[in-house]
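> Each chain is listed here by its residues.
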Amino acid sequence: MPVPVMTVPGEQPASLSGAAVRAAGLRKTYGGGETAVHALAGVDVAFARGGFTAIMGPSGSGKSTLMHCLAGLDAATAGQVWLGDTELTSLRDDQLTGLRRQRIGFVFQAFNLLPVLPARDNIVLPMQLAGQRPDPAWFDDVVARLGLRERLGHRPHELSGGQQQRVAIARALLPRPDVVFADEPTGNLDSRSGAEVLGLLRSSVKETGQTVVMVTHDPSAAAYADRVVLLADGRLAGELTDPTAASVLDALRGLGA
Amino acid sequence: MRAVTLASIRAHLPRLIASALAIVIAVGFVVATLVLNQTSRATVLDAVGAPYVGVDAVVTSDDGSGLADELDRVAALDGVAAVDTTWETGVQALLPGRTGQQYLLAESVADAPALRWQSLADGELPDAPGEIAVSERTGATVGDRFPVTSFAPDGTERDSSVTVTGVVDLGGDPTAGIYGRLWGTAEQLRAWGAVDPVELRVAGVEGVPAGDVVQQVAAALADRQVAVRTGTEQAEEAAAQLTGDTMALTAVLLVFATVAVLVAGLVIANTFAVLLAQRTRELALLRCVGATARQVRRSVLGEAALTGLAASAVGVLAGIGLAAAVSAVAEAADSPVPLSGLSVPWIAVAAGLAVGTATTLLAALAPARAATKVAPLAALRPADPAPLRSRGGALRLVLGLLLLVPGVLLMGVGVALADVLVALPGGALSFLGVVLLAQRAVPPVVGAVGRLAARLGGVPGRLAAGNATRNPRRTAATATALLIGVTLTTAMVVGAASTRATAQAGLAAQYPTDVIVQGDGSVPASLPGRLAAVDGVVAASSLTAATVTGPDGQETGVSGLDAATAAPVLRSTGDVPIPAAGEVVLPWWADSSWGIPAGGPVTFTAGDRTATLTALYGDVERPTLPVAELARLAPEAAVDTVWLRLADDADHTDVIDEVTDVATAAMPFAFVTGLASERAAIDSVLDVLLLVVTGLLGVAVVIALIGVGNTLALSVVERRQENGLLRALGLTRGQLRGLLAWESALVAGVAAVLGVLLGSFYGLVGVASVLGSYGELVLSMPWLQVGAIVLVATVAGLLASVLPARRAARTPPVAAIAG
Ligand SMILES: Nc1ncnc2c1ncn2[C@@H]1O[C@H](COP(=O)(O)OP(=O)(O)O)[C@@H](O)[C@H]1O
Ligand SMILES: [Mg+2]
Numbered sequence: 001m002p003v004p005v006m007t008v009p010g011e012q013p014a015s016l017s018g019a020a021v022r023a024a025g026l027r028k029t030y031g032g033g034e035t036a037v038h039a040l041a042g043v044d045v046a047f048a049r050g051g052f053t054a055i056m057g058p059s060g061s062g063k064s065t066l067m068h069c070l071a072g073l074d075a076a077t078a079g080q081v082w083l084g085d086t087e088l089t090s091l092r093d094d095q096l097t098g099l100r101r102q103r104i105g106f107v108f109q110a111f112n113l114l115p116v117l118p119a120r121d122n123i124v125l126p127m128q129l130a131g132q133r134p135d136p137a138w139f140d141d142v143v144a145r146l147g148l149r150e151r152l153g154h155r156p157h158e159l160s161g162g163q164q165q166r167v168a169i170a171r172a173l174l175p176r177p178d179v180v181f182a183d184e185p186t187g188n189l190d191s192r193s194g195a196e197v198l199g200l201l202r203s204s205v206k207e208t209g210q211t212v213v214m215v216t217h218d219p220s221a222a223a224y225a226d227r228v229v230l231l232a233d234g235r236l237a238g239e240l241t242d243p244t245a246a247s248v249l250d251a252l253r254g255l256g257a
Numbered sequence: 001m002r003a004v005t006l007a008s009i010r011a012h013l014p015r016l017i018a019s020a021l022a023i024v025i026a027v028g029f030v031v032a033t034l035v036l037n038q039t040s041r042a043t044v045l046d047a048v049g050a051p052y053v054g055v056d057a058v059v060t061s062d063d064g065s066g067l068a069d070e071l072d073r074v075a076a077l078d079g080v081a082a083v084d085t086t087w088e089t090g091v092q093a094l095l096p097g098r099t100g101q102q103y104l105l106a107e108s109v110a111d112a113p114a115l116r117w118q119s120l121a122d123g124e125l126p127d128a129p130g131e132i133a134v135s136e137r138t139g140a141t142v143g144d145r146f147p148v149t150s151f152a153p154d155g156t157e158r159d160s161s162v163t164v165t166g167v168v169d170l171g172g173d174p175t176a177g178i179y180g181r182l183w184g185t186a187e188q189l190r191a192w193g194a195v196d197p198v199e200l201r202v203a204g205v206e207g208v209p210a211g212d213v214v215q216q217v218a219a220a221l222a223d224r225q226v227a228v229r230t231g232t233e234q235a236e237e238a239a240a241q242l243t244g245d246t247m248a249l250t251a252v253l254l255v256f257a258t259v260a261v262l263v264a265g266l267v268i269a270n271t272f273a274v275l276l277a278q279r280t281r282e283l284a285l286l287r288c289v290g291a292t293a294r295q296v297r298r299s300v301l302g303e304a305a306l307t308g309l310a311a312s313a314v315g316v317l318a319g320i321g322l323a324a325a326v327s328a329v330a331e332a333a334d335s336p337v338p339l340s341g342l343s344v345p346w347i348a349v350a351a352g353l354a355v356g357t358a359t360t361l362l363a364a365l366a367p368a369r370a371a372t373k374v375a376p377l378a379a380l381r382p383a384d385p386a387p388l389r390s391r392g393g394a395l396r397l398v399l400g401l402l403l404l405v406p407g408v409l410l411m412g413v414g415v416a417l418a419d420v421l422v423a424l425p426g427g428a429l430s431f432l433g434v435v436l437l438a439q440r441a442v443p444p445v446v447g448a449v450g451r452l453a454a455r456l457g458g459v460p461g462r463l464a465a466g467n468a469t470r471n472p473r474r475t476a477a478t479a480t481a482l483l484i485g486v487t488l489t490t491a492m493v494v495g496a497a498s499t500r501a502t503a504q505a506g507l508a509a510q511y512p513t514d515v516i517v518q519g520d521g522s523v524p525a526s527l528p529g530r531l532a533a534v535d536g537v538v539a540a541s542s543l544t545a546a547t548v549t550g551p552d553g554q555e556t557g558v559s560g561l562d563a564a565t566a567a568p569v570l571r572s573t574g575d576v577p578i579p580a581a582g583e584v585v586l587p588w589w590a591d592s593s594w595g596i597p598a599g600g601p602v603t604f605t606a607g608d609r610t611a612t613l614t615a616l617y618g619d620v621e622r623p624t625l626p627v628a629e630l631a632r633l634a635p636e637a638a639v640d641t642v643w644l645r646l647a648d649d650a651d652h653t654d655v656i657d658e659v660t661d662v663a664t665a666a667m668p669f670a671f672v673t674g675l676a677s678e679r680a681a682i683d684s685v686l687d688v689l690l691l692v693v694t695g696l697l698g699v700a701v702v703i704a705l706i707g708v709g710n711t712l713a714l715s716v717v718e719r720r721q722e723n724g725l726l727r728a729l730g731l732t733r734g735q736l737r738g739l740l741a742w743e744s745a746l747v748a749g750v751a752a753v754l755g756v757l758l759g760s761f762y763g764l765v766g767v768a769s770v771l772g773s774y775g776e777l778v779l780s781m782p783w784l785q786v787g788a789i790v791l792v793a794t795v796a797g798l799l800a801s802v803l804p805a806r807r808a809a810r811t812p813p814v815a816a817i818a819g
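So the sequence lines, in the order shown, correspond to chains A and B. What the first sequence shows, in our numbering, is residues 1 to 257, in sequence order. What the second sequence shows, in our numbering, is residues 1 to 819, in sequence order.
Worth double-checking, as some hints may not be accurate.
Chain A side only, calculated, beta carbon under 7 Å to chain B, not exhaustive [to be verified]:
(1) L73
(2) E87
(3) S90
(4) R92
(5) T97
(6) R100
(7) L114
(8) V124
(9) L125
(10) W138
(11) F139
For each label pair, taking beta carbons as the anchor points, the in silico distance ranges come out as [to be verified]:
(12) B:V398 to A:E150: 35 to 41 Å
(13) A:Y30 to B:T292: 39 to 45 Å
(14) B:V398 to A:H154: 26 to 32 Å
(15) B:L784 to A:T86: 52 to 58 Å
(16) B:A350 to A:H154: 23 to 29 Å
(17) B:M781 to A:R92: 34 to 40 Å
(18) A:A75 to B:M781: 56 to 62 Å
Note that these hints are calculated values from the structure, not bench results. Here a beta-carbon is modelled for each residue, glycine too, at the ideal position from N, C-alpha and C.
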């Protein structure tokens with residue numbers, strides 16, 4: 001069991017400064033007593049600015065739970081999470097909500113979009129919630145890069161799965177968040193659409209310096225990232241830099257998955 | 001599939017309870033309406049028909065001839081146990097604490113206990129001459145002694161003295177406040193000069209049905225011109241005579257009950273539709289695993305039937321309980337509401353069960369059909385919002401128009417013919433049409449208003465406007481429930497206001513004078529001034545009288561009216577016109593006796609003077625001409641009557657007592673008629689009926705609100721994922737609550753405004769068709785109440801969103817991913 005990093009809130013260890021997101025001693029326990037499930041059993045991890053990181057691990061290893069805690073969607077049982085200089089676990093719900101809409105972008109596996117809103121409104125929704133207007137040039141740029149110009153007036157059920165995911169990515173990129181979290185963004189897509197979505201995520205990292213953290217269980221998806229963090233039984237179980245599908249597969253086999 | 005049905009009921013119990021609640025309340029509403037209706041009728045019957053309700057047969061003389069001689073003949077019949085006749089006369093009495101004598105109605109009490117109907121507040125009924133019981137209005141108490149002056153038929157006066165042995169409680173009898181009443185023995189009444197009575201009350205022998213008693217009596221009196229009725233029939237007759245417009249009343253209640261059932265059905269249908277629509281996925285899954293369409297339909301309908309029956313049973317009990325509570329409150333508050341005890345007609349129970357179960361089944365039919373059309377694949381894809389232009393939508397549009405247009409035409413015909421039986425089906429048809437069309441009409445209106453909300457309400461307002469317009473099914477379902485409730489409420493309020501205005505105008509026409517003081521002979525010159533000075537009297541007008549020769553050569557009494565002083569006294573000149581110079585108002589009998597048409601000339605002579613005047617007709621007792629005209633014709637004419645008008649806010653009973661004292665001090669045999677209190681009494685009967693109707697209406701509004709709350713709660717469940725996503729993307733809890741509040745205020749506000757417009761229309765049409773045939777119609781628009789309805793409905797819609805919104809705000813952001 002790793003020794004938890006002792007930190008004073010607000011003061012960050014030198015080695016981790018410059019990280020977009022980091023967690024220390026993160027624990028998440030579901031239930032209690034005999035039946036308690038330690039979805040996260042003490043995780044210390046940091047994600048560098050402008051990096052594209054994949055979180056991998058066998059099913060049930062705690063990938064989604066880690067992402068929810070890092071993104072302020074769920075409260076950790078113990079430990080701390082920093083988004084830049086902001087410590088998340090001590091924030092009130094409203095502060096956390098404001099933070100989510102301005103500094104974090106999300107791409108989920110499914111049900112990403114509000115069915116009643118057309119694509120354009122879905123894309124600008126978080127900025128609207130924050131009472132901001134998107135920069136028109138940036139909006140055009142994002143929409144063009146994601147190939148959505150012709151689709152802005154369509155409602156989600158009129159779009160293909162790949163198009164829906166691209167709308168979700170556009171929405172996540174538009175506010176220029178500190179970090180974009182994606183949970184199995186290609187899980188529901190065929191391999192061609194999946195490759196397209198992953199390519200778009202990667203190019204946003206390369207071209208605009210966007211930080212992306214992606215949860216996946218697919219080695220070929222992880223190969224698009226420049227770093228892979230491995231998770232097993234709620235603990236960090238190693239990492240790879242500049243992964244390929246083959247090296248990821250090897251590492252996973254090492255975990256017994 | 002039965003296992004699936006039962007498992008489904010068990011699994012969806014919380015949601016079923018929500019919809020069952022609508023059924024419970026709706027059925028409770030229907031049952032309470034029927035029970036309260038019956039109870040209030042029973043109470044009026046009890047109060048007014050008290051002398052008859054316990055009686056087996058009542059004989060009334062058709063030709064006005066006395067029936068006292070038949071007492072023995074009827075008493076001798078086999079089936080008859082006792083016979084009584086009510087001797088009746090007027091007496092003047094000097095009541096304790098009063099300075100002048102007062103007119104009292106005296107009646108005999110029966111000897112046979114079975115025929116004594118008076119219920120005593122204190123003491124006992126008189127047993128011997130010299131003993132009397134009094135009504136509470138006299139203010140006398142047990143043990144009081146006071147002098148009574150009676151008059152023999154030939155006019156001779158007799159003085160006697162009586163002792164009060166009991167005080168009679170007249171219950172809810174609306175005439176109780178008009179004048180004091182006395183009860184003595186038959187012997188006493190005959191001594192006071194009561195004339196031959198025209199009514200016999202018969203008690204049958206124990207065990208003989210009333211119908212048989214009536215037959216025996218009718219057979220025995222076949223040689224007389226009499227009507228023989230059962231006591232119940234006679235009581236109904238008496239109640240009908242009191243209210244006069246019983247027909248109108250029944251018609252109004254009929255309209256109300258029909259509308260109530262309609263509303264209940266629509267609210268249930270609505271809830272069920274939302275409930276099933278919400279389970280589309282689950283039904284599709286059933287189809288996926290191999291259930292046939294028929295099996296799915298049967299399962300859904302079985303669920304509906306069971307739910308409907310159970311909820312109806314609870315509703316029947318709830319309705320009876322509600323009616324009992326209302327009547328207990330009315331009784332405890334000693335209000336003038338004619339509600340005491342509880343009469344539960346079996347038809348109310350049967351109707352409640354039938355209406356509840358049938359409506360639930362009917363309501364489930366359409367959704368069940370839709371459910372069987374669900375493609376098994378629907379289980380596997382995210383739910384699409386229902387498109388506005390579906391085939392069902394087109395069908396609905398056509399059907400809605402097919403119902404609306406003929407319905408409105410039929411209502412038009414109903415108004416033109418003043419026939420509610422034509423207007424009623426027209427109203428029902430057109431309202432069904434409106435409800436069908438609401439599905440299509442409401443969302444665009446909400447959208448238009450929503451643009452305003454978007455400007456005012458920031459992001460939640462904009463999102464709410466979007467939600468309200470972009471999911472028309474949900475919006476229409478929520479709006480329709482409230483639309484129905486508001487339409488009904490408004491129709492009733494507008495209808496009630498107009499009914500009231502019409503009735504008041506009718507009462508004013510029927511009783512245009514508040515108080516009439518008549519002397520026996522001429523009135524002292526100072527009296528009119530002193531009467532006008534009584535506190536609470538606002539205007540007085542003196543009428544002169546003289547005897548002249550009419551056009552038929554016979555002597556006739558005529559009155560002289562002073563237009564200048566009479567105009568401010570009369571509350572209405574509809575039935576009693578004021579004659580202008582050169583005109584005379586003739587009583588109706590002059591038409592047949594003198595054969596003078598309205599507008600024709602009529603000549604009166606007195607000595608060598610003549611006056612030829614233009615004839616008008618009106619509700620006057622004697623030919624009435626302008627006072628100056630009469631003075632010219634008969635210079636000896638003197639004041640014999642004074643009309644008084646009382647202040648609207650004065651206590652009429654007190655003022656009339658005071659007027660009586662002043663008048664009798666100047667003229668011992670002055671006769672004071674307080675029509676004001678009769679008008680007030682009838683007015684209060686009307687008030688009471690409107691109160692009952694409004695009470696029932698409160699229930700309708702509660703149903704509508706439950707409908708709104710239900711729909712919102714269901715939509716929150718339905719939108720869990722959507723709400724979770726919004727929270728994840730940065731919508732704060734407060735904003736989420738605001739979103740739902742805006743959405744519900746938007747929908748409720750639009751529904752309220754539309755409902756008020758519709759309701760005003762229906763209310764006015766209803767009044768016009770029900771009351772159109774009862775004389776002059778006065779339409780009245782209660783703007784304040786109508787404004788309050790819009791406000792209350794909108795605020796209530798907002799309140800209805802509070803609980804669902806709290807629940808929605810608790811949605812964790814993770815719900816978006818967890819699904
Ligand atoms: N709401 C919950 N209640 C109880 N246990 C949960 C809950 N969510 C996740 N878990 C458990 O936590 C562990 C990690 O889950 P998760 O983070 O979803 O794994 P992954 O995304 O890697 O498949 C699993 O054992 C799972 O069963
Ligand atoms: Mg997962």
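> Tell me the numbers of any earlier hints that the structure contravenes, in ascending order.
2, 3, 4, 8, 10, 11, 16 and 17
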